[in-house]
Structures are given as C-alpha cells and as structure tokens.
Amino acid sequence: MIILTTVMDDFIIRALLAGLAIALAAAPLGCFVVWRKMAYFGDATAHSSLLGIALGLALALPLMLGVAIVAALVAGIVALAGTRDGFAADTILGVFSHTALALGLVLATIVPDARVDLLDTLLGDILAVTESDVIVIWCGALAIVAVLSWRWRSLLNATFSPELMIAEGGSQTADKLVLTLSLALFVALSMQLVGVLLITAMLILPAAAARPLARSPESMATIAALIGGVSVAIGLQSSWTWDSPAGPSIILATSIIFMLTNLVQFFRR
Amino acid sequence: MQPSQLLEVVGLTVKIGGRTLIDNVSFSLQRGEIVTVIGPNGGGKTTLLRALVGAMPISSGTITKAADLKIGYTPQRLTTERSMPVTVDRFLALAGRFSAALRLEAMQKTEIAVRKDAMMSDLSGGEIQRVLLSRALLRKPDLLVLDEPTQGLDQPGEEHFYNLLSQIRSASGVAVLMVSHDLHVVMAGSDRVICLNGHVCCSGAPEAVSVDPTYLELFGRRASLALYQHHHDHSHDGHDHSDHSHG
Numbered sequence: 001m002i003i004l005t006t007v008m009d010d011f012i013i014r015a016l017l018a019g020l021a022i023a024l025a026a027a028p029l030g031c032f033v034v035w036r037k038m039a040y041f042g043d044a045t046a047h048s049s050l051l052g053i054a055l056g057l058a059l060a061l062p063l064m065l066g067v068a069i070v071a072a073l074v075a076g077i078v079a080l081a082g083t084r085d086g087f088a089a090d091t092i093l094g095v096f097s098h099t100a101l102a103l104g105l106v107l108a109t110i111v112p113d114a115r116v117d118l119l120d121t122l123l124g125d126i127l128a129v130t131e132s133d134v135i136v137i138w139c140g141a142l143a144i145v146a147v148l149s150w151r152w153r154s155l156l157n158a159t160f161s162p163e164l165m166i167a168e169g170g171s172q173t174a175d176k177l178v179l180t181l182s183l184a185l186f187v188a189l190s191m192q193l194v195g196v197l198l199i200t201a202m203l204i205l206p207a208a209a210a211r212p213l214a215r216s217p218e219s220m221a222t223i224a225a226l227i228g229g230v231s232v233a234i235g236l237q238s239s240w241t242w243d244s245p246a247g248p249s250i251i252l253a254t255s256i257i258f259m260l261t262n263l264v265q266f267f268r269r
Numbered sequence: 001m002q003p004s005q006l007l008e009v010v011g012l013t014v015k016i017g018g019r020t021l022i023d024n025v026s027f028s029l030q031r032g033e034i035v036t037v038i039g040p041n042g043g044g045k046t047t048l049l050r051a052l053v054g055a056m057p058i059s060s061g062t063i064t065k066a067a068d069l070k071i072g073y074t075p076q077r078l079t080t081e082r083s084m085p086v087t088v089d090r091f092l093a094l095a096g097r098f099s100a101a102l103r104l105e106a107m108q109k110t111e112i113a114v115r116k117d118a119m120m121s122d123l124s125g126g127e128i129q130r131v132l133l134s135r136a137l138l139r140k141p142d143l144l145v146l147d148e149p150t151q152g153l154d155q156p157g158e159e160h161f162y163n164l165l166s167q168i169r170s171a172s173g174v175a176v177l178m179v180s181h182d183l184h185v186v187m188a189g190s191d192r193v194i195c196l197n198g199h200v201c202c203s204g205a206p207e208a209v210s211v212d213p214t215y216l217e218l219f220g221r222r223a224s225l226a227l228y229q230h231h232h233d234h235s236h237d238g239h240d241h242s243d244h245s246h247g
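Order-wise, the sequence lines are chains X and B.
Taken in order, the first sequence gives residues 1 to 269; the numbers are from the working numbering.
Taken in order, the second sequence gives residues 1 to 247; the numbers are from the working numbering.
Note that these hints are calculated values from the structure, not bench results.
Do not take every clue at face value.
Unchecked claim - Calculated pairs, DMTMM-like style, for lysine to aspartate or glutamate (alpha carbon to alpha carbon, straight line, at most 20 Å):
1) K116/B / D68/B
2) K140/B / E111/B
3) K70/B / E33/B
4) K37/X / E33/B
5) K65/B / E8/B
6) K116/B / E218/X
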C-alpha cells in the first residue's frame, strides 16, 4: 500500500492492478504446473509467444489474441501428440516449441510489419500497460480462476492418476484442454508484464514458496496467490525506487519469499 | 446375460499405434467371485483392466455390464508427490460427495483410519494400497477392479492385504477382478484365474490352470511350487475373520 499513498501516478496503479490479476491466475495454475512437473511444458508454451507476437503484428491482430492463438496451438499439438512413436514427451515438446521460437525470431526480424522490440518481449514492460490492457488481463485472469475452480476436483484426481479420474467418470480430453488452454491464456496475459523469459517463473515460484505453509491443495493455491500479490507490490516498489526492471524484480521478490518459507520449514523439523 | 453375471467380455481387442496389446479376450464375471489375471509383463493385464473401466479405448469387441454395475477401481500407480499437500481423508473426499462418516467407515474397513490425517506423500506402499482400496469401497461397488494391489509389498504385507480383501468380500459380497504377479497367493485366494499373454492362454479354477500346459510353459517351475504353497496356505487362513465380518 506504500505505493498507493506515496505515488499516485496512474501507470504504477495500472501496473499494480495488472500484476495482481496475474498473481491471482498464476496461483492455481502454477500449483498444477508444480504438482504435475509441467515446468518445461510451461516454458515451451511461453517461448511460442514470440511467434504469436510476430504473427499478430503481421496480421494486425491484437497482440494478446495472436499470442493466445499460437500458444494454444503449440500447447494443444504437444498435449495431444502423445509419445506413441518412440520420442520422449520432452523431445516432442522441444521440437514444437523451439520451431515456434525460431520461426518467431525470424519473422520478427524479416517481416516489415512485424518489427518487434525483442528486449521488451523477453523482459516484459509492466509499466506500459494501458487501461484496456488492465481490463482484458482481469477478465482473462478471472476466467482462468473460474475454469480451474470448476474443474478443480477432476484436475486434482487426474494429477494423482489419470486412470482413476477416468474410471470415476472424468474425461481426459477435458482435463488436457482445461490445463493447456488456461496455460495458453495465461501466457498471453502475462507476456507483456513479466516477459517471455519469466512467465514460467511467475507460475512456479509462488506455488513453490507456498508449499511449506500449506496443508491442503486449496490452501496452497490461496497462499500462492497472496505471495504472488505481495511480490508484485514489492517488485513494483523496487522498480520505482531503484529503477530496476519490474518483471525480474517481481520474480526476485518471490524468490526471496521462497527461500524464507522453505528456511522456516527447514528449522521447524 | 444371466442375472448372476456382473460383466461379460466378448472378443475384446485393444490396439495402440498399430500394436495389439490384447487380442480377442473373452470372459465373464459372476457376483461375489474373486478372479485373478496373471501373465508375463507386457501381457496386457493392465490394458485389460483399463479397458474395463473406460480408461483405454477398445478397438473391437464388447463389454456388457450388469444394469447399475458399480465398479471400484484402484490404479497401478498413484502419483503422491511431496509437492502436493493432501491428507488421506481429503484424498478420499476427492472421490465425490461422500460424508465424513462414510469416509471413516471405508478407512476402517481397510484398517487405515489411524492414518486419516497423514499426508499422502508420507504413506508407505502398503498404506497407499489400503487408501486406494478404501476409496474404491466408498461407492459401495459390486465389483472391485484392482491393478496389482500388492506390488512393492513384502510377503507379510501381501498376506495382510489379501486377508483384508477376503474379509471385505465375505462381509459385502463384492466381486474382485485383480492383477497379480504373486503366484502362490493367487492360487490360494482366487476362485478363478485368467492367464493372459496378449490373448487368454488358459483360464479356470486355480487347480486346473496350474496344470495347464500353456500355464506351465509361461511360468515354468515356479508354477508347480505355487500349487504346493496353495495347499499349505489354506491350513491357517483364518486370520481374525470374525472381528471384521460386518465392518
């Protein structure tokens, strides 16, 4: 709240509002990324967003829409391709995500209408979010939270055992769709804020920091949301005070909280 | 299908990516019987069970289930990561709308109620199998489908598990279809055995299967030992039966 009282500049408030929405959506989604060991999958989806930006610019689509479409395509292909033909899942993931990344880098450089500021794309620029960005980000974040809450029990069961979830009447297709589409939407929403490089960090770090304090899946997600929100505030404050890049500062704040909560647990034993 | 039948499988074939996992498998299950599927690794035991519970698409054949057949299923593998904080009781609650009293009753049936508030990631292999079994029992099933419920257990653990299972069967009349590697307990505790190696090699009463040439070819000399153990085990089978018969 220091930020609200000392600096009333609009762009800081917009950044804070957008950051809080991202922290909220990242919490339950990040828990599943941690529980299901999907960090590499998250990275793969995030890296494909560069292609989304380039295509979005070339076709004059809204940036977030371009990114969401490409991320959903890459995540969907990888999730449904399976591993039947002898390649390990992470190899297939690597092939598709790096193809998308390389294609994005090439397009971003050679297509005249698609000139992309690579540094902004990689590191994010939370201080440049507009009012309509904030609204879109909040709507998207609430949609992610709503869908994950709706499918919560089924998603947890599939985390334990996909076969058990199906035997009890669930659907594996629905499970994969919910997680991959949520992830694609999250990538599109958060790319501008924390940058392509740190999107997965925004998912994993708050959840990992929350784990030592949690006794149930729900409390882990709730605590992760709080930690994410506090990190956004600290990161923006540091960005304001020391002119540090906002996205990386937010992640650093979460890293410090991660170390604190895990130290506390270490000494409790 | 006759009223005493729970399940009838005819010509079940499962292919994945051009590979035939099980081929033309037929059998039926009666109410209250314990049937064990044995066979070599890669023989399609897990595939068969997954196909029965709908977790594996079938390529051809039919699975006819009795009206309102309720199946309790335990998977071969459960991912219990330390990264996910979830208690035993909560894990049972994730099965659906079952009251705390019903969950406690199910945990008592498998003697896991003392671990009610333990974290799933802190349980031993045997405890996880008993938690899975209580979760399967929650929906008051007519049929338990258990995929290698004793893998990773030591000999006393296995015996304990099979004793529990036979108590539960005599109390509730539930039928059991399970996969096992453990020949001598299979022979002792099953009404019928299905030997599966891609196709059904042989099936029938344990005594008949254990002298079947195809069975002996698959399991070799260990098989005849299993038959010997079978008679031996029967003599002291009564481990606290009376205490739990109405659990």
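The hints, checked one at a time:
no.: 1; hint: K116/B / D68/B; result: 30 Å, violated
no.: 2; hint: K140/B / E111/B; result: 17 Å, holds
no.: 3; hint: K70/B / E33/B; result: 15 Å, holds
no.: 4; hint: K37/X / E33/B; result: 40 Å, violated
no.: 5; hint: K65/B / E8/B; result: 6 Å, holds
no.: 6; hint: K116/B / E218/X; result: 18 Å, holds
In summary, the numbered hints that this structure violates are 1, 4.
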